[in-house]
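Enquirer: Go ahead and model the full structure; you've got the sequences and the hints to work with.
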Amino acid sequence: MTPAAQSPLALIAELTHRCPLHCVYCSNPLELKTRADELSTEVWSRVFREAAEAGVLQIDFTGGEPLARPDLVDLIRSARGTGLYVNLITSGLPLDEARLDEIVQAGLDHIQLSFQGATEDSANEFSGTKAHAHKLRVLEWLKRRRVALTLNFVIHRRNIDHLPEMLALGESSSAARIEFANVQYYGWAFANRENLLPTRDQLDRSVELLKRAEERLVGKIRIEYVVPDYYAKYPKACMGGWGRKMMLVAPNGDALPCHAAQIIPGMQFDNLKDYSLRDIWEKSEAFQKFRGEAWMPEPCKSCDRRTRDFGGCRCQAFLLTGDAPATDPVCSLAPQRSKVDAVLAAANGPSAESFVKPNWLYRPNPA
Amino acid sequence: MMPELMSRPRLAVGCRLNEKSQPSRVLHMPERALRLNGPSLEIVERCDGSRTVQEIISELQKLYSKAEPKKVETDILGYLALLHDQRALDFNSDQTDRSAEAK
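So the sequence lines, in the order shown, correspond to chains A and B.
With our numbering, the residue at position 87 of the first sequence is 87, and numbering never jumps.
With our numbering, the residue at position 57 of the second sequence is 57, and numbering never jumps.
No lab work stands behind these hints, which were simulated from the structure alone.
The beta carbon of each residue, even a glycine, is placed where N, CA and C say it ideally should be.
Check each hint, because a few of them may be wrong.
Derived BS3-like pairs (lysine-lysine); straight-line CA-CA distance at most 30 Å [as the list claims (entries may be wrong)]: (1) K273(A) x K301(A); (2) K66(B) x K220(A); (3) K20(B) x K71(B); (4) K289(A) x K236(A); (5) K20(B) x K245(A); (6) K236(A) x K339(A).
Ranges of calculated distance between the beta carbons of each label pair, as one might list FRET restraints [stated by the list, open to error]: (7) G78(B) x K357(A): 48 to 58 Å; (8) S24(B) x D71(A): 27 to 37 Å; (9) E165(A) x A81(B): 25 to 35 Å; (10) R216(A) x E55(B): 25 to 35 Å; (11) Q54(B) x D304(A): 23 to 33 Å.
Expert: In structure tokens form, the structure reads like this:
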């Protein structure tokens, strides 16, 4: 029996999959939606209203690159008008000061600006485009505007040793939060995993360094660190539990329980053009599929941690074992943990370090 | 950081209370939200940049007149310090700060 749904708390709105960057670890699916698929301003506005009515507190505008939507200012105004806390997750391209003013004036609560590195060469390599210098300009513009700022550094094997430079960049900005988010291995990142997964030694040093930074900056800047869950003892509470707190809306209006849910075979997603948000949240097959505990195999089913991590990530279970309901193999108690250990052994092996530039698989820009 | 009694706390940029009309009150913060009720809501509603910490304490001591006044003060100072360390509150203590805010 499927448990009743509690109210969703956050809506992740992938406004578009179009993006001027080509990051090698993009969390978008390998099959990107095109501009012709995208929801209209009107449908999005209806979705925001329905979300606020259903209890959602925060909306994350993401993509692709949300700035690629010409109606972004209208969308922000519309979402904020419903009372939602509006967060813009952006690369900062394409943006000029006039448009930034419009965005702030439309009621944006918070902006999360992504950085691919601390230096121009490396950042441009990982994003497959010359974006870094422009991001630094955006940082300067933000200093003169009243909007909350988080810097987000995406961390991996080839930039994890540059944390001090990233911290310095963050401290010189107006950010009150800095996120250091290790790449999670889905989508494009899964395809590039061998070149992205840090060594255990790199990871240990980074944890120590950021712990000291966190102590030093308390009351000034909040430091958040997301470690790669391959190295964790227990899985992450992916999306705060399936169909429990969050809904992700793809650019075409498909409502998903998580970013990568399309990869699970046999999943069908209802579309917000056809159904209300509350209907989909409460009744759709996709949201009920792994909600609650009835689907859990052992050892999750009888594990004390099941109310904390909800069995980990279904998409990761599928990617690594071919079986979506399996215990997330990053868990030290998982029957298939050996699959993760094999990946870690390769990442930490004697031949793991290469000075040759990797053969990146870059994410393309959809039509 | 413990707040000074004469400083005037206000919500930091990116932090705001949701509308009064909502069924439950929350303090929105970047990437999180705090559910507020009772004393925590009474305190946060008064962090408007015009009241001093001392004034907030006095008002809550009146509101919760059955509670031990010293305990009310200690709890409020602790709560304000916590919100400050989470970057949810700014303390404006001197005149230059306040004239900058007024612009």
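Enquirer: Now look at each hint and say whether the structure bears it out.
Expert: Do the hints match the structure? See the list:
no. : hint                         : in the structure
1   : K273(A) x K301(A)            : 36 Å, violated
2   : K66(B) x K220(A)             : 36 Å, violated
3   : K20(B) x K71(B)              : 28 Å, holds
4   : K289(A) x K236(A)            : 19 Å, holds
5   : K20(B) x K245(A)             : 23 Å, holds
6   : K236(A) x K339(A)            : 17 Å, holds
7   : G78(B) x K357(A): 48 to 58 Å : 53 Å, holds
8   : S24(B) x D71(A): 27 to 37 Å  : 31 Å, holds
9   : E165(A) x A81(B): 25 to 35 Å : 32 Å, holds
10  : R216(A) x E55(B): 25 to 35 Å : 33 Å, holds
11  : Q54(B) x D304(A): 23 to 33 Å : 47 Å, violated
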